[in-house]
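Numbered by the numbering used here, the letters in the sequence shown go through residues 1 to 245 in order.
It should be emphasised that the hints constitute simulated quantities derived from the structure, not laboratory data. Check each hint, because a few of them may be wrong.
What the hints assert, rightly or not - List time: in silico DSS-like cross-link candidates among lysine-lysine, alpha-carbon distance up to 25 Å:
(1) 195 - 232
(2) 56 - 188
(3) 97 - 232
(4) 56 - 239
(5) 159 - 220
(6) 159 - 188
(7) 159 - 180
(8) 56 - 97
(9) 97 - 9
(10) 197 - 31
(11) 56 - 95
(12) 220 - 192
(13) 97 - 31
(14) 32 - 197
(15) 208 - 159
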Amino acid sequence: MTFNFQKIKENKVREINILKQNRSLIMAIEKKKKEGLIPIIAELKRMSPIEGRIRKIEPERAGLEMEGGGACAISILTCQEFGGSLDDLMRVKEKVKIPVLRKDFIVDEFQIEQSYFAGADAVLLIVSLLEEKTKKFVERTHQLGMEALVEIHSEREIKFALDSEARLIGINNRDLKTLKKDLATTEKLIPKTPKEKIIVAESGIESKEDLMRVLRSGAKAVLIGTSIMKAKNIIQKVKEYVNAK
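Construct the complete structure from the given sequences, taking the supplied hints into account.
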């Protein structure tokens with residue numbers, strides 16, 4: 001057997017690039033856009049504070065069906081109030097090849113480390129919970145090799161998101177205090193964010209019309225949970241969103 005150092009190096013670089021792509025939410029979003037498809041982050045969400053139980057389903061099955069439909073990543077609600085757990089995240093991560101985002105109410109750096117050990121590729125950090133701590137939490141997330149999706153809901157919160165230097169900014173169309181949804185939130189806040197940021201529209205997308213509305217406003221990706229979880233055929237529903245025109 002001939003030892004070819006250069007060939008080993010090339011193979012290793014290729015292998016690492018594939019691993020990075022499988023772990024990076026940013027790269028997954030950019031890949032879908034290059035393919036002319038809509039980057040959809042599909043969410044495993046068993047319960048809603050308004051609608052109660054949405055669906056009973058094994059996390060592995062939901063994750064594989066979302067991936068099969070063309071989702072660029074999977075968001076997993078791990079808080080008990082939504083019927084979720086870190087076990088859901090670990091079980092999905094073991095089965096899928098796309099990035100997995102932990103969505104929870106993260107208020108302590110311990111939860112970031114917990115997310116890393118559970119296999120999360122990215123975590124949701126909510127500015128309304130963290131405010132001036134946002135930057136520190138983003139830094140810790142990056143130190144562990146994960147990406148941070150920093151969520152805002154108001155113009156006041158933009159400063160904290162930008163100061164954190166996170167590339168991914170989520171705009172939540174649901175007011176966490178009143179729980180009311182309004183897609184105008186995305187339309188109002190996007191013009192106030194730098195164009196180099198990757199804006200993810202979250203909540204309130206219940207149809208292709210809603211999807212196209214937030215995309216026209218400038219969103220680069222969209223996180224959708226309830227309407228996908230309610231669909232009789234998850235694969236087909238995700239495909240409809242990914243291929244929407």
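Evaluation of the provided hints:
no., hint, verdict
1, 195 - 232, "37 Å, violated"
2, 56 - 188, "35 Å, violated"
3, 97 - 232, "24 Å, holds"
4, 56 - 239, "21 Å, holds"
5, 159 - 220, "20 Å, holds"
6, 159 - 188, "15 Å, holds"
7, 159 - 180, "23 Å, holds"
8, 56 - 97, "23 Å, holds"
9, 97 - 9, "24 Å, holds"
10, 197 - 31, "16 Å, holds"
11, 56 - 95, "19 Å, holds"
12, 220 - 192, "15 Å, holds"
13, 97 - 31, "14 Å, holds"
14, 32 - 197, "17 Å, holds"
15, 208 - 159, "31 Å, violated"
Hint violations for this structure: numbers 1, 2, 15, all remaining hints satisfied.
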